[in-house]
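Novice: Sequence:
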Amino acid sequence: MFGYGYLESVIIGIAAMFSSTIIGIKLLPTSTLHHQHTGELLISVLLLQDILAIIALLILEMINGSHGLRQMGFVVCAFPVLFIVAYLFQRYLLTPLLTRFDKIQEYIFILSIGWCLGMAELGHAFGLSEEIGAFIAGVALASNPVAFYIAESLKPLRDFFLVIFFFTVGAEFNFHYFPNIVGQACIFAALILILKPVVFWLLFNRAGEVSTVSFEIGVRLGQLSEFSLLLNYLALQSGLLSPTASAMLSAAVIMTFIASCYWTVFRYPTPLAVTERLRRD
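Per this note's numbering, the sequence shown runs over residues 2 to 282.
Treat each hint with caution, since some may be false.
[Claimed, not checked] With a Cα cut of at most 20 Å, we get these calculated SDA-like pairs of lysine to any residue: (1) K27 <-> S239; (2) K27 <-> S45; (3) K156 <-> E173; (4) K27 <-> Q50; (5) K156 <-> P146.
[Claimed, not checked] If you anchor each label on the Cβ, the simulated ranges turn out as follows: (6) G240 <-> R268: 23 to 31 Å; (7) I85 <-> W264: 13 to 21 Å; (8) V164 <-> W264: 45 to 53 Å; (9) Y108 <-> L163: 21 to 29 Å.
Keep in mind the hints are simulated off the structure, nothing from the lab.
Idealized CB from N, CA, C, for every residue including glycine.
Work out the full structure: start from the sequences and follow the hints.
Specialist: Right, here's the structure in full:
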């Protein structure tokens, strides 16, 4: 693809599998997210993609390890151990604490943040990335009865870090390679923006979903993902991607973020819609 090697093409193809959880959740009205069938389908797809992304990140972590088979074996064993630790901690300590002090909002807020940061650090201590630890912490927290309240109370914090995230993505982009890869990035981004909605529409139609709902989900998932950036970074650090291929993938991610957000905001109900008819929170 675009003159890249076989392995680079495979990595770029894997990165193209994922859609942005950040954009998908942020542009979905809260009522749709928690109470409607569309929200259930969207979250199901994103959760499955996140799990696949974690597996892909694990594989790259093992390839990037510098201690050979011993390090690879440690990483493989660390992932299920981290899941077990999260499950036991959530069931026997986190849930009882949240249940007992569920009326103290500040307590729930601080405990939730501490839990996620602690699991991120534990994941790093186990030889995994902080992102994997934080993901497992979020999955464990989502099963708690007060998960909806936590999601609502953390909205300001989430929005603040969203701004930081997108600012960082733009600030870290290497414009040195941009003149050489802009055409490739535009073609790749256009293919993602066209093919992803069509593919999701066909798959959900085949599963028996309504055509309009199927296409809406396809549009909302019609971009690359923040996990694509993580895969890109790890693959570049591992020497599996050349700087040119990495810059092309980063540019395509940014392009699909922008185009997909505009498409969704102007076409479907979102909290950030430009018209009153489509604005829903």
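Novice: Does each hint fit the structure? Answer for all of them.
Specialist: Structure-based check of all given hints:
no., hint, verdict
1, K27 <-> S239, "32 Å, violated"
2, K27 <-> S45, "16 Å, holds"
3, K156 <-> E173, "26 Å, violated"
4, K27 <-> Q50, "17 Å, holds"
5, K156 <-> P146, "18 Å, holds"
6, G240 <-> R268: 23 to 31 Å, "41 Å, violated"
7, I85 <-> W264: 13 to 21 Å, "41 Å, violated"
8, V164 <-> W264: 45 to 53 Å, "21 Å, violated"
9, Y108 <-> L163: 21 to 29 Å, "25 Å, holds"
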